[in-house]
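Asker: First to last, the sequence lines map onto chains A and W. In terms of our numbering, the first sequence has 91 at position 91, counting the first letter as 1, and numbering is strictly consecutive. In terms of our numbering, the second sequence has 289 at position 180, counting the first letter as 1, and numbering is strictly consecutive.
Simulated from the structure, these hints should not be mistaken for lab results. Ideal Cβ positions, reconstructed from N, Cα and C, are used throughout, including at glycine. It is possible that part of the hints are untrue.
[Claimed, not checked] Restraint ranges, calculated between C-beta atoms of paired labels, are given here:
(1) Pro203(W) x Leu70(A): 47 to 55 Å
(2) Leu40(A) x Val266(W): 39 to 47 Å
(3) Leu239(W) x Trp86(A): 36 to 44 Å
(4) Thr274(W) x Leu28(A): 47 to 55 Å
(5) Leu79(A) x Arg337(W): 26 to 34 Å
(6) Arg179(W) x Ala39(A): 24 to 32 Å
Each chain, letter by letter, is given below.
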Amino acid sequence: MLTDWEAWLVIVSIGAGTLLLRFSFIGLVGRVERVPEAALRVLRFVPSAVLAALTAPALFRPDGPIDLTLGNERLLAGLVAAGVAWWTRNMFFTIGAGMAVLWLLQALT
Amino acid sequence: MGERSLRSAYAAGVIRISPVILGIVPFGLVAGVAASEAGFGPVKAVGMSMIVFAGASQLAALGLIVEDARLLVIVLTALVINTRMIMYSASLAPHLRGVSVPGRLGLAYVLTDQSYAVSITEYAEHPAGLSDRVAFYLGTATPLWVVWQICTLIGVVLGASVPTTWSLDFAVPLVFLSLLVLALRDLGTVVAAGASALVVVLGASLPYHLALPVASVIGILAGVIFERLRGA
Chain A
1 MLTDWEAWLV IVSIGAGTLL LRFSFIGLVG RVERVPEAAL RVLRFVPSAV LAALTAPALF
61 RPDGPIDLTL GNERLLAGLV AAGVAWWTRN MFFTIGAGMA VLWLLQALT
Chain W
110 MGERSLRSAY AAGVIRISPV ILGIVPFGLV AGVAASEAGF GPVKAVGMSM IVFAGASQLA
170 ALGLIVEDAR LLVIVLTALV INTRMIMYSA SLAPHLRGVS VPGRLGLAYV LTDQSYAVSI
230 TEYAEHPAGL SDRVAFYLGT ATPLWVVWQI CTLIGVVLGA SVPTTWSLDF AVPLVFLSLL
290 VLALRDLGTV VAAGASALVV VLGASLPYHL ALPVASVIGI LAGVIFERLR GA
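Hey, can you work out the whole structure from these sequences and the hints?
Answerer: Structure, rendered in structure tokens:
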């Protein structure tokens with residue numbers, strides 16, 4: 001856990017850095033006419049790569065070691081949730097389905 | 110272009126963003142609960158939501174705080190996650206040409222995945238003047254901002270009283286999972302996601318909690334290389 005001072009340092013650093021990222025091209029408009037095509041080709045993959053890295057550990061190694069067995073309740077719940085996300089494109093239903101399957105599996109074991 | 114037109118452009122933005130707002134309610138609640146798990150009280154939790162205003166990076170940073178990661182790694186990871194904002198900024202910039210610098214700074218501050226997606230679609234479908242474009246964009250962005258702060262506050266207040274047997278921590282990866290599914294648009298993005306997931310799972314023991322930024326960069330490279338090979 002962080003001290004007060006460290007927590008605010010982290011918050012302000014992330015906030016300032018994120019504002020710079022958001023302002024980047026909106027700020028340059030007029031000075032830079034077009035965004036380099038090469039940059040867009042790379043940035044296009046940022047959301048899928050980052051979100052996969054954020055999701056995968058919680059499903060494939062919930063307790064530390066890699067667990068690909070049927071005993072891994074979070075992996076099963078995640079697979080169902082992924083299906084629901086694909087069908088509904090709705091975060092509410094995705095979280096609801098994932099939590100419901102997890103609670104069900106936990107109640108059964 | 111009168112005041113009336115501006116008001117209706119703003120209202121059009123609000124209407125178009127409202128289904129999305131329903132989706133960020135659980136996201137904001139989860140961010141508030143995660144903040145309370147990281148030892149944040151209401152002031153720091155809402156302070157973070159106001160200063161950062163980018164959910165995925167907030168959740169990732171809060172998770173790393175719980176794991177006692179180095180401060181630099183926490184900040185670096187959050188910024189890697191938010192690199193995608195450069196892409197939105199680049200894509201929106203031509204539509205906001207003519208706004209003053211402080212004005213553009215304000216518009217950039219409220220830039221999110223959701224406001225970007227809804228606004229850029231609107232600009233393509235219904236070309237309009239600069240003031241209408243700005244009003245529409247603010248119509249998408251300001252309700253999101255308000256709802257995000259309220260949900261964070263509710264989440265952090267409730268967070269302390271949620272029993273751990275509810276496994277509510279699992280809602281965090283479920284939020285990311287639903288965003289991930291929306292981000293998978295073609296084979297290239299699937300390759301990037303697959304490579305990144307593989308590296309993060311196999312590389313969980315990388316020092317200083319660097320698995321996420323390392324896996325993200327490798328995933329992005331895998332997507333770029335795949336596209337290059339397929340195009341060649």
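Asker: With reference to the structure, classify each hint as holding or not holding.
Answerer: Hints, one by one, checked against the model:
1. Between Pro203(W) and Leu70(A), the C-beta spacing of about 52 Å keeps the proposed range 47 to 55 Å intact.
2. Distance hint for Leu40(A) and Val266(W): a CB-CB separation of about 41 Å, consistent with the stated range 39 to 47 Å.
3. Range check, Leu239(W) to Trp86(A): Cβ separation about 38 Å, and the 36 to 44 Å hint holds.
4. Against the hinted window of 47 to 55 Å, the Cβ-Cβ separation of Thr274(W) and Leu28(A) comes to about 51 Å, which satisfies the hint.
5. Checked against the hint of 26 to 34 Å, the pair Leu79(A) and Arg337(W) passes, with Cβ atoms roughly 31 Å apart.
6. Between Arg179(W) and Ala39(A) the C-beta distance comes to about 29 Å, which sits within the given range of 24 to 32 Å.
This entry satisfies every hint, going by the numbered hints stated previously.
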